[in-house]
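Visitor: One-letter residues, chain by chain:
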Amino acid sequence: MNLKNIDNIIELSNELRWQIGDDFHDNLTESIYADAADIVKDTVQIDSTEKRFRLDAKIDKIVTSKTFGFPIMFLILGTVLWLTIVGANYPSALLADLLLDTIHPALKSGAASINMPWWLGGFLIDGVYLAVAWVIAVMLPPMAIFFPMFTLLEDFGYLPRVAFNLDNLFKRSGAHGKQALTMSMGFGCNAAGVVATRIIDSPRERLIAIITNNFSLCNGRWPTQILIATIFIGAVVPAAVSSLAALLAVIGIAVLGMAFMFAVSWALSKTVLKGEVSTFNLELPPYRPPRFWKTIYTSLIDRTLIVLWRAVVFAAPAGAVIWLISNIFIGNESIAAWAIHSFDGFGFLLGLNGVILLAYIVAIPANEIVIPTILMLTVLVTGISGGSGAGVMFELDSVNATGDILKAGGWTLLTAINLMLFSLLHNPCSTTIYTIYKETKSVKWTVFASIMPVILGFVVTFLVAQIWRLLS
Amino acid sequence: METKIKSACETCAHFNADGLKKLGIRTDNFDFVVALAGNPNTGKSTVFNALTGLRQHTGNWPGKTVTRAEGGFEYNDQKYKLVDLPGTYSLLSTSEDEEAARDFILFGKPNVTVIVVDANRLERNLNLVLQILEITDKAVLCLNLMDEAKRNKISIDERTLSRDLGIPVVAASARFNEGIPNLIQTISEVANGTIICKPHRIKNVPENIEKAVKKLTNEIEKEFPNIPNSRWIAFRLLEGDAQIIKALKQGELI
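Residue numbers (this note's numbering), protein chains in the order written: chain V, 1 to 472; chain P, 473 to 726.
Okay, chain P solo, but in the shape it has when bound:
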């Protein structure tokens, strides 16, 4: 077992438990919906448990969570409903668990999406992060498994990462409850609009494609002003995604 000296901040009552109430499965009358997304086996369920006080099963294998779990917490008199999504590597694939995750981020319109990533495998995890950031502009990156990263001698410059991604980054070891208070604070700031995200949009796109995407994006924005993910919809339309075409026709995307 590891014993870690907690930082002065984390032991301070004002920092931690002060405004926090774990609500378990009571999710009625919530003010905000928070989605937990991320690659399989990055500890989403552990983060979920730490926030809600629930004991959703965790296990060290990809695919542990196949159904959506919901729980709640209250922070500074605001109620949050937390939805633990099945882990996915990408939003472009077809299995039932991955589709559930995508549909929730897209149609469930969470107020904040917390993207949990494995700090040891940041590059691979960013594939999903960058896709999610095309869809939503209210997100928090939870850099989980920092304890393992430390053991593996991996250090991550959180500030630069936050600047590059345009969203707040919180380092955590959810198994040991480290970084969770900070995560809660950040979620509430994003939810209340104290932190404004300017999410990274996919850059290295070949010129001819970028041109086509721009043209399509403009048309979409003409029809749906204020839509946060016009560019992503353009990507999907160019790929001929039947589900998105249908959703667009039925007005489910606004």
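Extracted from the complex, chain V is given alone in its bound form:
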């Protein structure tokens, strides 16, 4: 290989480029299409293709129509959530019964019989084990219902239609229409949503999609929303419509998240990330009947178990941390109690409390453990008896018991609403933050994407708390 010859080749190509004119790209593309048409003419025969295509087109006409597109979207989202909320109750209760009421006491007595030191038993059984057990009991059932249903929709071919419906809104926000797809992935997991933004060509629009993906309620936050809505929102309406009210509240939060996604995308595209909206082709693939059992199997094995495993991996050390900060004393107060008291003032301003703020710090690795952490810390400060001692995660045999603990901790409807809002608007979990860094390779944008939602959360909960208190 001779560098000079290569330079000559490049020189020649520059010369020739002048000679053939600037239609070259178009000419080449046309040649390719002409070749393709020639080949197809000789090889493909189509007999009255109309019938089947028309069925797909007919479905599309309805699900992407201006009138029905959005209602159908919300109806599908509502149905999926409804089945998740209602269907998860029974297996959850069974698992809690098994893991918390049966195995936990057995482990404790086992530890006592081998004379395990109290601190080691407390650390392992009341800290690590309870955290893991809680996550499994509360999260496994909704995930085992939510993920397969979502995957079935995906296999059927509905997601591109959602993108089609939302395209206009994203365009008006100065963002890319394919962001609808990455948003949908974010409903499962924000880290996955951030990786999915690779389908967006323009770096500007991709960055917008990455930064705003956190506004998609992720799998770690759905259970929090569902639980709090069931306990507090469901309680202010007659019992007959309580699960409907809870469902609407959760959908409301999810839709609010989308509204924030549009608003922040718009604000970014008007300020620091200015630019033209790029156009793109979105193929609406034919509907394909999902291979039902295969889909159920894959989504259970891959999605559900992987996400659950992640939750467990993070819950175990978090459980240990909770136990430690509740049992290590500085002067008269445990570290946890001290932190809670110092956050209380700020928490009150936001309509939250010190427990919730501390829980969100402990739960940075995984949103999944926010609620168990809150319960444990609440028991700690209120000194309700019935828990198994300082730093022991509380047993959750019924939703009512959870509600009683929280109410004893001074929770009101305002606390619940603001917790739901804060759960939507706070920093992404550490996995997502790391993924954002890997995808953007920029410390600046990673910090921005992590801090911006928390600030929004502070502002929104602060405003809601002030208005609430003025009115009541």
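Hint data in this document are derived by calculation from the structure and do not stem from the laboratory.
Here are the simulated SDA-like cross-link-like pairs (lysine to any residue), alpha carbons at most 20 Å apart as the crow flies:
#, chain 1, residue 1, chain 2, residue 2
1, P, K625, V, I46
2, P, K721, V, L16
3, P, K622, V, D56
4, V, K58, P, R623
5, P, K687, V, E11
6, P, K622, V, P290
7, P, K687, V, Q19
8, V, K294, P, N649
9, P, K683, V, L16
10, P, K694, V, L16
11, P, K683, V, N8
12, V, K41, P, R673
13, V, K4, P, K687
14, V, K438, P, A541
15, P, K683, V, G21
16, P, K686, V, W18
17, P, K686, V, Q19
18, P, K718, V, L3
19, V, K4, P, Q715
20, P, K622, V, D47
21, P, K721, V, R17
22, V, K4, P, K694
23, P, K686, V, E30
Assemble the complex: chain V is given as a structure, and chain P must be docked to it using the hints.
Guide: Relative to chain V, chain P alone:
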């Protein structure tokens, strides 16, 4: 659910599982690298899963695979590493997923490139096929989603298509594992040189451009004899593709 009667060949042990071992993610000490390319949403990941026994996520929307997935299989005592590339409509565009696909076909030098196309949209899919065939001369066309094509009453003359493209064509419905044994056999024959491809080169090029391309191609071949894709490089140089110019200078294209 569809129940299809399998052809006598497919039920025969010699035809199918005989030499095949799905290796999952074990891809060490491979003999051949096989790339899976194709338009978005044509079932590449499904083909990938069928060959490797892995459960790479599949979904009915374009853009499902954004990262490169790798897996392996063993056939007749030869190990193949299979790389599932993100779907692309063309090799001329700029998004990160599409660039990943192009770079792999170009610089990864796969021994065989399997181009998965949607039999229902052959004409549109051929755009990418013809571009890939300018780059590599060891390719297999996997005519996927034949079950849908059948329902849509589309019939494709595979032999003529194979002759026109100059590469073997395998009809398949990867979702139902149909045609996969045949695909494996064909991949191994191309990899081992039993089947020699004479890939189609873009024809309907205006005369003045064709002249310029020829001139440039000759110069490139003088410098790099035995290069399989001199014509494609000429196309890229004429378009002023900075990345290809750089690769040429650094000798990455040989």
